[in-house]
Every structure is written in C-alpha cells, then in structure tokens.
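Trainee: Okay, here's what each chain looks like letter by letter:
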Amino acid sequence: MGFKRRAFLIGGAAIVGGGIFALQYSDHAMRGDAATLSRREKAGSFGAWLHIGEDDSVTLLTPHIDMGTGSPTALAQMASEELDADWSRMSVEAAPAESAFGNAWLGKGFLTDASNGSALVAAMPGSVWSLLARNLVHQITGGSSAVRFTGQMGVRVLAAATRLALVEEAAARLKVPAGELTTKAGVVSHAGSNRALRYGELAMAAAERTLTAAPKLKAAKDFALIGTSPPRFDVPGKVDGSAQYGIDFALPGMRVATVMAAPVRGGKLVKVDPAPAMAVAGVEKVVQLDDAVAVIASGYWPALKGLRALDPQFSDDGKGGTTTAAMFAQQEQLCAAELKDYAAPAGSKLVEASYRAPYLHHAMMEPFALTAHHKDGKLDVWGGLQDPLGSKAEAVKLSGLDADAVTFHPMLLGGGFGRKLPGQIEILAQAVKLAMTAPYPIKVIWPREEEVRQGTYRPQTAVRFKGALGANGKIAAWRSAFAQSMTFEAGAPLLYDLPDAENTYAEHKSHVIVGSWRSVEASQHGFFNESYIDELAHAAGADPIAFRKAHLAKDSRAHAVLDAVAKASGWGSPLPAGTGRGVAVVESFGTVSAEVVQVSLREDGYPRVEKVWAAVDCGQVVNPRNAEAQVMGGIVMGLSAAIHEEITIDKGAVVQSSFNDYPLLTLAETPQIAVEFVASSAPMGGLGEPGLPPAAPALANALFAATGKRLRSLPIRAQAGA
Amino acid sequence: MPTALTVNGKQVAIEAEPDTPLLWVLREELGLTGTKFGCGIAACGACSVHIDGEIARSCSVALADAAGKAITTIEGLKGPDGTLHAVQQAWIDIQVPQCGYCQSGQIMAAVALIKETGRPSAAQVDAAMTNLCRCGTYPRIREAILAATGQASAKAGAA
Chain V
1 MGFKRRAFLI
11 GGAAIVGGGI
21 FALQYSDHAM
31 RGDAATLSRR
41 EKAGSFGAWL
51 HIGEDDSVTL
61 LTPHIDMGTG
71 SPTALAQMAS
81 EELDADWSRM
91 SVEAAPAESA
101 FGNAWLGKGF
111 LTDASNGSAL
121 VAAMPGSVWS
131 LLARNLVHQI
141 TGGSSAVRFT
151 GQMGVRVLAA
161 ATRLALVEEA
171 AARLKVPAGE
181 LTTKAGVVSH
191 AGSNRALRYG
201 ELAMAAAERT
211 LTAAPKLKAA
221 KDFALIGTSP
231 PRFDVPGKVD
241 GSAQYGIDFA
251 LPGMRVATVM
261 AAPVRGGKLV
271 KVDPAPAMAV
281 AGVEKVVQLD
291 DAVAVIASGY
301 WPALKGLRAL
311 DPQFSDDGKG
321 GTTTAAMFAQ
331 QEQLCAAELK
341 DYAAPAGSKL
351 VEASYRAPYL
361 HHAMMEPFAL
371 TAHHKDGKLD
381 VWGGLQDPLG
391 SKAEAVKLSG
401 LDADAVTFHP
411 MLLGGGFGRK
421 LPGQIEILAQ
431 AVKLAMTAPY
441 PIKVIWPREE
451 EVRQGTYRPQ
461 TAVRFKGALG
471 ANGKIAAWRS
481 AFAQSMTFEA
491 GAPLLYDLPD
501 AENTYAEHKS
511 HVIVGSWRSV
521 EASQHGFFNE
531 SYIDELAHAA
541 GADPIAFRKA
551 HLAKDSRAHA
561 VLDAVAKASG
571 WGSPLPAGTG
581 RGVAVVESFG
591 TVSAEVVQVS
601 LREDGYPRVE
611 KVWAAVDCGQ
621 VVNPRNAEAQ
631 VMGGIVMGLS
641 AAIHEEITID
651 KGAVVQSSFN
661 DYPLLTLAET
671 PQIAVEFVAS
681 SAPMGGLGEP
691 GLPPAAPALA
701 NALFAATGKR
711 LRSLPIRAQA
721 GA
Chain B
723 MPTALTVNGK
733 QVAIEAEPDT
743 PLLWVLREEL
753 GLTGTKFGCG
763 IAACGACSVH
773 IDGEIARSCS
783 VALADAAGKA
793 ITTIEGLKGP
803 DGTLHAVQQA
813 WIDIQVPQCG
823 YCQSGQIMAA
833 VALIKETGRP
843 SAAQVDAAMT
853 NLCRCGTYPR
863 IREAILAATG
873 QASAKAGAA
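Top line first, the protein sequences correspond to chains V and B.
Oh and the first sequence: position 26 is 26 in this note's numbering, straight run, nothing missing.
Converting from the second sequence to this note's numbering requires adding 722 to each position, the first position being numbered 1.
Any given hint could be a false lead.
[Claimed, not checked] Not everything, but these chain V residues come out facing chain B in the computed CB check (under 10 Å):
no., residue
1, 448
2, 634
3, 655
4, 659
[Stated by the list, open to error] To spell it out: a stretch of chain B is covered by chain V in this simulated footprint if at least three of its residues, at any positions, have a beta carbon under 8 Å from a beta carbon of chain V; those stretches are:
no., stretch
5, 724–736
6, 794–808
7, 835–843
8, 864–871
Because the hints were derived from the structure by calculation, they are not lab data.
In this text, a Cβ means the ideal position worked out from N, Cα and C, and glycines have one as well.
I would like the entire structure built from these sequences, with the hints used as guidance.
Mentor: Here it is as structure tokens:
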C-alpha cells in the first residue's frame with residue numbers, strides 16, 4: 001500500500017490522511033467541502049469519514065446507505081478493529097450526499113476487479129479515483145461492494161492511519177518512543193511508566209498531525225472484532241417502529257401525491273379530464289406530466305381515490321402489440337442463428353438445450369416514496385435511494401437550481417435489490433417537478449400497482465446451448481448463445497476449466513426497461529449454466545458433483561465449496577422415492593457459493609423445498625451472524641423467483657400489478673437453511689447477492705433428480721399445473 | 723362528525739372520511755409510522771395491527787369499521803416502563819430484521835399468534851405467519867417465535 005505522508009490544513013481544522021483516503025482531498029474545494037460538511041464540535045476529524053469526540057465517542061460516516069444488508073455495522077467493525085476503539089462507543093452514520101463524499105473506493109474496487117487487479121490499476125494515483133468518483137457522482141450501495149471495497153480499501157486504511165496519528169500524538173505527550181505504546185479499547189498505554197491517554201484526549205491534536213510512518217493493517221490472525229458478530233446497530237429501531245424510512249418522512253403542511261404513468265413504457269399522457277378527481281374530498285390538484293398524471297391531495301387515500309376516478313389516455317409509442325410470447329420467439333431465433341453452423345468435434349456427443357428466464361421484479365416491500373420541498377430558492381429532497389449523491393445530481397439537473405441550493409437527505413430503504421439504483425428513478429423527476437411549483441412540501445407515494453408495472457426488471461433471457469461430451473466423459477466443447485435486451489457482464493463467467501468454450505450475446509431490442517436485480521446476471525445465467533452442466537453430467541452418466549469437480553482445479557474455491565456442501569448435505573446418501581437433491585455452484589461479486597437443495601413434490605405439483613445447504617467462500621467474514629442472514633435471504637429470494645415470479649407483457653404493458661398476481665415465497669414455503677462459510681484466504685467477496693444465484697438451478701436440478709423432468713424455463717409455478 | 727377509537731390505550735377522535743383505511747389514519751393523522759404501507763390489498767401484511775386483540779391488515783379496514791375499537795400498533799407493544807415485548811426482544815436477540823420494513827407487521831402477527839396458541843407448533847407458525855418479507859428473514863422469524871416462547875434450540879441462543 002503506497003502511503004504518502006500528508007496533512008491538509010483547512011481553515012484551522014485539519015484532516016490527517018494518506019494513501020487512498022488522503023487523495024480524496026487532492027483538490028482544495030473538495031477537501032474544504034468535506035471538512036465543512038463533517039466538522040463537529042469537540043471532535044477530531046480524520047479524513048472526514050471518522051470522528052473521535054472528546055468524550056471518546058467514535059463515529060464513522062459511511063457513503064453506503066442502510067438498505068438492510070447490515071453493511072454499516074460491518075464497516076464500523078472494520079474501523080473499530082484497525083483503530084482499537086472501544087466498540088461500545090462506536091456509531092455509524094450516513095455521509096452527507098455531497099460530492100466530497102463520493103465513493104472513490106467503489107470505483108477503484110470495481111476497476112481492480114475488472115482488470116484482475118492489474119499493476120496499472122493498482123498504480124493509478126488515488127486522485128484519479130477521486131476524480132472518477134466525483135465525475136460519476138457515485139455514492140452507490142450496490143454490487144455487494146460496501147464491505148469488500150469501501151471497507152477493505154477505505155475504512156480499514158483510514159482507521160489504521162488514525163490509530164497511528166493517535167499513537168504519535170501520545171508518544172509526543174508522554175515523551176516516549178511510539179514503539180513502546182500499545183492501543184486497546186480507545187486508550188493508548190505505556191506499560192513501562194504505567195501511563196495511559198484516552199483517544200478523546202488525543203483526538204483534536206492527533207487530527208492535526210503529519211504522520212511520520214505508514215500505517216500497517218492488522219493481519220487476520222490479530223483480528224479481535226472482525227470475524228465476530230456484535231448485534232447490528234439498526235435492529236432496535238426496526239423492532240419498535242421508530243426507524244424512519246423514506247415513506248415515513250413528513251413536514252408540516254405537506255401534501256401527498258400519487259401518480260399513474262403510461263402503462264406502455266415510452267408512452268405519453270395524451271389527455272385526462274381532471275374533474276372526477278377534483279370531485280373527491282381532499283383532492284387539491286391534478287397535474288399532467290409528460291408521461292404521467294399526478295393527483296395532489298391532503299393525504300394518500302384521497303390522492304389514490306382521485307387517481308382511480310380518472311380515465312387518463314396514454315399513447316403506446318407504437319409498442320402496443322408486444323407480448324411475452326413474441327419476445328421469447330424473437331430471442332430464441334437470435335440464439336439459434338448464433339449457433340446454427342456449430343458442429344460438435346468428431347467423436348463427441350452433442351447435447352443441445354434451450355432455456356428461458358422471465359422478467360423479474362424487485363418487489364421491495366417499501367413502495368417508492370419521496371418528499372420534496374422547494375422554498376426560498378432551495379430544494380430539499382428526502383428519501384431512501386441507493387445512490388444519494390447521484391440522486392442529488394439528478395435533482396440539481398431537474399430543478400435547474402445550483403448544486404449548493406439542493407440537498408438530498410438519505411433515509412432508510414425498505415429494500416432496494418437494485419431497483420433504487422440511479423438511472424431510472426422516475427419518482428425523483430415527479431417529486432421535483434411537482435415541488436418546484438408548489439407552495440408546500442409534497443410527498444409522492446407510488447401505489448404498489450405502479451411500482452410493479454413501472455419496474456426496471458431483470459432481463460427476460462433466452463439461451464441455447466450446444467455442448468459436446470468427449471469419449472472420456474468430459475466436456476469437449478461448450479457453446480452458448482443468449483439473447484436479452486441489454487447485458488452488464490456478457491452473461492455470467494463460467495467457473496469451469498473447459499477446453500473449447502464460447503458464450504455469445506445477441507441484443508434483443510425491447511421497450512421494456514431492464515436493470516440490476518439482486519445478483520444481476522448471475523441469477524438467470526447461473527440458472528442456465530448450472531442447469532445445463534447438470535444435463536451434461538447426466539448425459540455422461542456421472543454424479544453431478546463429481547462431474548463438476550472433474551472440470552475444476554483441485555485447489556479452486558469452487559472445488560472446495562462443492563466438497564463442503566456435499567459433506568454438509570449428505571450428498572449421495574439414500575432418499576425416499578420422489579425426493580431428490582440438486583446442486584449448483586456460482587461465483588458472483590468475488591464470492592463462490594455452492595448450494596444443495598432437497599425437494600419433493602406436493603400433491604398440487606408445487607415443489608416442497610425441504611432443506612437447503614450452502615457452502616460459501618467470501619474470503620474473510622466480517623460478521624458471521626449477519627453474513628449467514630445475507631446468504632439465507634439470497635436463497636429465499638432465489639427460491640421465490642424460481643417458484644413464483646414472472647413479469648409478463650401483453651399489449652406492450654406489464655400484466656402483473658401486486659402481490660396477488662406477483663406472489664413471493666411465504667414463510668410456510670421456506671425450507672430449513674444451513675449456511676457454512678468455508679475458511680479461505682481469498683480476497684474479500686461480496687455477500688448481499690452471492691447467496692442467490694445457485695438457489696434456482698439447485699432446485700431445478702433437484703426436481704430433475706426427484707421426477708426425471710428437466711425444467712428449462714422459470715417460474716416453476718407456470719408449469720406446476722396448480 | 724369525528725370517529726372515536728382507542729389507539730395504544732389513548733382515546734382519539736379522527737376527522738377523516740369514513741372509508742379512509744385505518745392504515746392511513748394511523749400514519750397520516752396520528753403520525754404512527756411504524757405501521758407500514760406495502761400493497762393496499764391486504765396481501766403482504768406490512769400494515770398488520772391488532773383490533774380488539776385480533777390481528778388485522780389495516781390497509782383494508784375502513785375507519786368507520788374501526789370506530790369504537792381498541793387498536794394496538796407496533797408503537798404500543800412496549801410495556802408502560804418502556805420494556806420491550808418478549809417478541810420484540812426475541813427479534814433483537816435472534817437479529818431478525820434486514821431492511822426491517824415488514825418487521826412491524828411480522829411482530830404484530832407473531833404476538834397475536836402467541837397470544838392465541840401459547841407455544842405455537844411449527845405448523846401453527848407456518849399457517850399464521852403469512853406476512854411477506856422480501857429480504858428473506860423467514861428462517862429467523864421462525865427461530866425468534868420459538869425463542870420468545872421458550873422453545874429455542876441451543877443454536878438460537880448462540881451469538
């Protein structure tokens with residue numbers, strides 16, 4: 001870790017820093033902003049992200065919002081670990097949505113990943129990352145990135161430097177060499193003279209020091225807090241109703257608006273007669289937006305009643321004839337065309353298969369809600385979105401105001417799963433437009449029906465496989481072609497060592513808007529690849545786990561998690577007739593997850609998922625109990641999608657509207673889940689998403705083992721005959 | 723003519739249209755935002771409250787139908803001295819919530835189930851706990867209900 005000594009003096013206050021985090025402040029305006037925004041009374045400010053009060057309290061300001069994954073607590077653990085802080089005095093807050101807090105570490109982490117950690121990327125100065133973050137206005141919670149990137153590259157380094165500054169300040173005061181000092185629970189001690197100084201006593205002066213040495217990160221063997229499971233900070237407020245989500249925000253005099261946009265994406269509002277809504281008690285105004293109609297009222301209920309009374313006419317942008325069946329047919333033609341000339345190598349056995357996965361909706365439990373207030377030339381916006389900084393930038397653009405006049409106030413998210421990432425946050429435009437001309441604050445709430453119909457869905461995808469088994473029973477060649485309307489990563493990377501493998505992508509243009517859905521490409525492509533390799537295993541007459549391992553290096557992470565999950569699940573032991581086990585292993589976001597599902601069929605043809613075992617290699621686990629919860633949650637969402645979920649299109653519009661026709665997995669359908677983390681020295685991987693992708697293919701493979709019927713499209717509900 | 727009802731032990735008089743769902747009365751008239759809006763069609767349970775001790779989905783109960791009744795919301799579960807209800811404490815001990823948005827409703831449903839059954843069996847838990855959770859906290863909801871009723875496994879208590 002290149003560390004440059006550096007101290008920045010900003011208007012009397014000082015920020016100590018170095019390496020990556022110091023370069024956050026490589027331009028004067030930004031570091032001044034960050035210092036101003038984060039300055040606190042009676043507290044030393046370290047790199048603007050970490051504050052130590054005279055009362056010994058330690059506060060970490062994180063660029064990541066709380067959308068339920070527990071990452072704020074994990075980041076605080078990482079800070080406290082390197083700082084040797086007193087955990088009972090540690091707290092974490094969301095950083096202000098200002099560019100000075102743009103998350104450079106996020107960009108660096110992704111690019112380092114994308115380039116396989118090339119020396120070039122590693123050598124790029126931090127100022128480049130800072131610039132990148134600022135330009136991209138990133139302050140994103142997504143990509144399972146908080147702990148592995150922000151935590152590993154940012155928070156730990158910053159905390160280690162802060163600890164060093166405290167030690168050097170103590171050394172100067174006690175007039176002893178820094179090497180004779182130790183730190184523990186927020187105290188610097190000198191054993192030789194039996195003297196000690198609290199962090200709170202040292203913080204103000206330490207924050208103004210220039211470090212004389214580079215900070216060293218702790219080795220994993222020395223961790224006292226990382227790898228333990230202190231309770232999450234956010235849980236108490238979530239069990240007594242006090243936690244405030246975006247939808248809970250309220251101001252005196254506030255009005256509530258609700259909206260309906262063109263059911264066919266790209267359509268416009270043609271006309272609407274406001275009279276029926278205006279006749280509803282409590283309705284104050286009907287506003288015609290470009291592609292939507294909004295009703296403003298004294299509360300949500302009159303607004304909704306008003307909206308339902310309207311008969312708005314929308315155009316369909318010429319897309320009114322689109323159906324799901326037609327789109328799948330087009331996608332399958334594209335896939336077939338890609339592979340039409342492929343012939344298997346001589347002497348090998350060709351195995352062909354086609355798979356489909358539907359559009360999926362995020363269905364976060366909190367519908368979109370955002371409050372905006374334009375007053376005295378300033379605009380304030382309150383809500384829970386996955387990118388507060390990007391949301392602010394968007395609000396600046398939409399309002400035409402100066403950046404200084406716009407503030408975005410991040411609040412808790414009732415789930416995100418990718419839907420609340422920037423790019424397609426229509427409610428932001430609606431709230432800002434309504435608020436800019438209104439004499440009162442306005443909270444816009446989307447009805448659930450709007451939230452389901454105006455989604456940014458996981459892409460609907462078709463794929464065709466042409467693979468070949470060699471005479472040795474191993475895969476001789478692998479061809480796959482997939483079609484969907486956009487791709488983030490060209491499918492999911494294949495884990496296996498294959499002699500001759502190609503995966504091609506054909507763009508299928510559609511007006512249906514797609515986006516990141518928890519685990520992104522790994523979910524549908526994990527289902528395809530891990531189902532198809534199961535077909536190959538059966539075609540080869542091989543055990544599905546043994547077959548996968550035969551195509552993996554013995555020292556690979558995938559090999560290790562397969563071994564672990566086989567052992568945990570009793571793989572190979574006898575099962576009652578009609579019960580089957582299936583396996584899948586998928587790498588996503590730097591984590592490798594293997595899962596075994598055990599399933600039988602209910603009388604109505606629905607699968608009864610009896611048990612799921614997961615073995616996960618995510619490198620170092622920061623908070624095992626929360627990590628387990630993330631993997632369990634991913635499995636539940638993966639099973640939910642596999643069994644129940646699909647968004648279909650008819651007449652160009654989304655057919656589904658709420659939980660009655662877009663059902664989610666229930667508690668009664670949830671199996672026992674056993675999660676094991678495999679000890680690993682691999683770099684830290686993500687955890688918010690990687691538990692999800694293996695669930696669907698492991699279930700489909702288990703159903704094949706139980707019934708002999710291969711599932712090549714999802715959801716299972718559509719085929720269960722129930 | 724205001725509608726009178728009792729919310730968390732307090733008499734209140736509500737000036738709102740009689741068809742206003744109880745959910746929006748609680749959230750917008752009384753500021754009790756712990757009860758959540760999820761779907762508005764009684765399909766998800768995020769808005770679950772107790773009406774005269776029975777579990778109900780407040781998005782689908784009109785104010786007129788709640789008149790004269792005693793409503794308990796998540797904010798009213800704590801004891802008079804601020805002590806958490808045993809179910810709330812179990813939710814903390816087992817670290818159930820993730821995003822937390824559905825958990826008020828889940829807790830209200832669990833409290834009603836326990837009140838009715840004492841020590842619910844696994845089948846009773848499956849039958850009664852129909853509220854949706856998108857984060858997938860179901861395994862821990864089960865575990866917390868067992869913990870709250872003294873049926874916790876050894877694992878449940880382990881940190």
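Trainee: State for each hint whether it applies.
Mentor: Comparing the hints with the structure gives:
1. Because the closest C-beta pair between residue 448 of chain V and chain B is about 4 Å apart, less than 10 Å, the hint holds.
2. Hint status for residue 634 of chain V: holds, given a least beta-carbon distance of 7 Å to chain B, under 10 Å.
3. With a least beta-carbon distance of about 16 Å to chain B, the hint placing residue 655 of chain V at the interface is violated under the 10 Å criterion.
4. Interface restraint check for residue 659 of chain V: the shortest CB-CB distance to chain B comes to about 4 Å, inside 10 Å, so the restraint holds.
5. Coverage of a stretch by a chain is defined here by at least three residues with a beta carbon nearer than 8 Å to that chain's beta carbons; for the stretch 724–736 of chain B and chain V the count is 0, and the condition is violated.
6. Against chain V, the stretch 794–808 of chain B contributes 6 residues with a C-beta closer than 8 Å to a partner C-beta. That satisfies the three-residue criterion, and the hint holds.
7. Residues of the stretch 835–843 of chain B lying with their CB closer than 8 Å to a CB of chain V number 0, which falls below the three-residue condition for coverage.
8. Check result for the stretch 864–871 of chain B against chain V: violated, 1 residues qualifying (beta carbon to beta carbon below 8 Å, three or more required).
Comparing the model with each numbered hint stated earlier shows that hints 3, 5, 7 and 8 do not hold.
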